[in-house]
Amino acid sequence: MTLSLGKIVKSNGHTDYVCQIYGVHEVDVVPQPDNYALGTFVSVELTGKHAGYLVGLIYDTVLLNPDFGRLGPRLSPERELMSFAPDYLNERAVLVGINAIGRIDGEGRVYQGVPLLAANSDALVQQMTVEQIQGFHMGADGLNLTYLPVVVQQDSPLAYHLARTVLAQLADLLPDYQTELAVLADDLNWRTQIGPMGGMQ
Amino acid sequence: MNQPLGRAKGPGPTPHSFLFVSPDVEQRLKVGEFITYEASVDGTWQTILARVIERRPLRLYPDAFSGDPQIDPNHVAAIVGYSGRTSELFEITAEVIGYYDADLRDFINPRVPPHVGTPIMLAEDEYLSMVLSRVQPGEVGAATIGWLLSRARGEVPIAIDVGAVASTHLAIIASTGAGKSYTASVLIEEMLKPNNRAAVLVIDPHGEYDTLAELANHKALGSKRYRPEARIYRPGDVKIRVGALEQGDLRYLLPNVSERMSYVLGRAYRRAQQMSRSRSQQEDRWTLNELDEAIQREGENEEDSFDRGSANALLWRLRSTIKTGRDQIFDDQEQTPLDELFRPGRCTVMQLSQVEARQQQVIVAALLRRIFNARLRTKNNSVDAGDDYYLPYPVFILIEEAHNFAPAGADIVTTGILKKILAEGRKFGVGVGLISQRPGKLDPDVLSQCNTQFLLRIVNPVDQARVRESVESVGRDLLNELPALTKGQAIISGMAVNTPVLCHIRRRHTPHGGEDIPAPEEWVAYFDDAHEQMRQRDAAPLQQPRRRSRLFKKE
Chain Z
0 MTLSLGKIVK SNGHTDYVCQ IYGVHEVDVV PQPDNYALGT FVSVELTGKH AGYLVGLIYD
60 TVLLNPDFGR LGPRLSPERE LMSFAPDYLN ERAVLVGINA IGRIDGEGRV YQGVPLLAAN
120 SDALVQQMTV EQIQGFHMGA DGLNLTYLPV VVQQDSPLAY HLARTVLAQL ADLLPDYQTE
180 LAVLADDLNW RTQIGPMGGM Q
Chain G
0 MNQPLGRAKG PGPTPHSFLF VSPDVEQRLK VGEFITYEAS VDGTWQTILA RVIERRPLRL
60 YPDAFSGDPQ IDPNHVAAIV GYSGRTSELF EITAEVIGYY DADLRDFINP RVPPHVGTPI
120 MLAEDEYLSM VLSRVQPGEV GAATIGWLLS RARGEVPIAI DVGAVASTHL AIIASTGAGK
180 SYTASVLIEE MLKPNNRAAV LVIDPHGEYD TLAELANHKA LGSKRYRPEA RIYRPGDVKI
240 RVGALEQGDL RYLLPNVSER MSYVLGRAYR RAQQMSRSRS QQEDRWTLNE LDEAIQREGE
300 NEEDSFDRGS ANALLWRLRS TIKTGRDQIF DDQEQTPLDE LFRPGRCTVM QLSQVEARQQ
360 QVIVAALLRR IFNARLRTKN NSVDAGDDYY LPYPVFILIE EAHNFAPAGA DIVTTGILKK
420 ILAEGRKFGV GVGLISQRPG KLDPDVLSQC NTQFLLRIVN PVDQARVRES VESVGRDLLN
480 ELPALTKGQA IISGMAVNTP VLCHIRRRHT PHGGEDIPAP EEWVAYFDDA HEQMRQRDAA
540 PLQQPRRRSR LFKKE
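As they're listed, the protein sequences go chains Z and G. According to numbering that gives the first Met the number 0, the first sequence holds residues 0 to 200 in order. According to numbering that gives the first Met the number 0, the second sequence holds residues 0 to 554 in order.
Read the hints as simulated data drawn from the structure, not as lab findings. Don't take every hint at face value.
Coverage of chain G stretches by chain Z, computed from C-beta distances (three or more under 8 angstroms per stretch; other residues unrestricted) [stated by the list, open to error]: (1) 51 to 60; (2) 67 to 80.
Here are some chain G residues pointing at chain Z (derived, C-beta under 10 angstroms) [what the hints assert, rightly or not]: (3) 63; (4) 84; (5) 85; (6) 86; (7) 88; (8) 153.
In this text, a Cβ means the ideal position worked out from N, Cα and C, and glycines have one as well.
Use the sequences and the hints to build the structure in full.
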């Protein structure tokens, strides 16, 4: 069963979306932090017939707190605000950055890499199921990870770690490809762990 | 099944090399090791053989990870989050040798590197046994002198082609103590086995080869119907007829011959030849007395007292230098027959220890000339059985301390005939093996004419440079191994093998005679009781016999 995580509230580019995670009272099942952890595969709904959905990776997390820095006097204690002004509390939110790494169309065809279609605001973001993740990575010739270079090339200090997280998840989900994934993971591990310490690479 | 050890990365620094990447966990990919890959050549899949020539690390931990010798750097790496299996990864450069063509009995280079990602395997023992050697162990013409160094003892035997050695010549080059006489002895043993039965002569200036006499008694070297022979000729056992000496030999042999003396010698030499011709129809039968007489006559004929002095000086030199007789090498009449020196299945060792260096050179020159002429005349059917120059089978001559017989930068009596044999011996069945510990002092032309090379440890940079310049068939990668080789390890290259190989020379069947004297043991032994008693006994004054009692004295 798919778990709804939130909705798209903004984009920073064609593949870079911001999703606001649903809070209390917004959905029946409120997403927990481990549902939107770094490296989680998510689907972003697309509008249009047979458009299917974008496949995205959560690459960053930002906490939104309008209260931050507001040190002025309060009229009511914080515990009473729940009764008198619940909307005010709701302005706190968790935002996650999503990198679109492919698309699965309405007929189930998989496209890895930069998707041609873009999502709209308020598009539903859901956690992908194991079957969806496996389906996205398995092509006719076996395991596909053509989006991995795009992930690694991101201008972010977390890029390599994100890629390692992806490989670790896939090693669990696709045990037939553990050897190949281990080769890729070993290279990333060396680059992230030994390279910065001064090791030769 | 043979598992891949690496995967091709791309072309290498030279047209015939390629790179591949390997973690080489078991450290099998040593320099000189053979690897294979499969490739399609003109539509047919072939197993291509290549040799590792360099290995370069692609990953290295920071130096500081090894800062404390008590701590394993892998452990430090694990602490910072790296616990991968491939902390060591190598970029290996390999040189393509080619695929083996059974008809050509040689390798054909496909001239294209393997595709990126092609699996690279360690060459299998059976495959290497089949393709490295031109002949298979036990076949006629095979000398199994050891096994491939990078493989387990005896797994990949290296059999060199005796036919190629005997026709296109051989050089054994090594520093002192690296095992060159040992290697040469192994080769001789192999050449005398039932499948080869070679006719071998060893020129042995240091008396290192007398233990080859044991050849005849060793079971491994004979068969039911065949037993090899070994003959050791000590100085005086071999006879060289003085008439076989050329004018140049005499000039070289006599000390401090002036131009004037040389002129007199030339005239006297021709006169002695005339005497020989009138006496025996052959001009090389002159005797020392006849030459002596000829020089005296030359002196008498000269009106100038200066020339008479030259003749006298020449006579003095001749008489003091060349002696004939029972225990001498030179003789007026007698000459060791070639069929005694050479016979299939026989190894003749000519010991020249205690013979003066110039005499050694003249003896070898005279002998080589005789052998070459004998083979030439026998091949041309100009002599019959019984003739002095009748030698009806190919021969192989192994010359120790070859730098004394073909020195670099000098033209001595042996240089010319050696070069002639090296250039033309192939046509007449005269093969030469040169052994030297100082290739830097060996004539480079002579060395480069030896088409099979056994290179053992060479440390001296000058000697290494000479080998690099004269030995074309060995790559730089293998030559770089020269100072690192240990005793009994050799690089074998050239015509007798299909590709250069690093070989471990097998153990000798006969005892080794070239061992050093164990000086410390002998010094220590000086103080043991037995030696002490022996010294006391030798030093004790001889007791006078007691006088007999007068009682028994005869009246």
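These are the hints, each one checked on the structure:
no., hint, verdict
1, 51 to 60, "holds (count 5)"
2, 67 to 80, "holds (count 3)"
3, 63, "holds (7 angstroms)"
4, 84, "holds (7 angstroms)"
5, 85, "holds (6 angstroms)"
6, 86, "holds (8 angstroms)"
7, 88, "holds (9 angstroms)"
8, 153, "violated (36 angstroms)"
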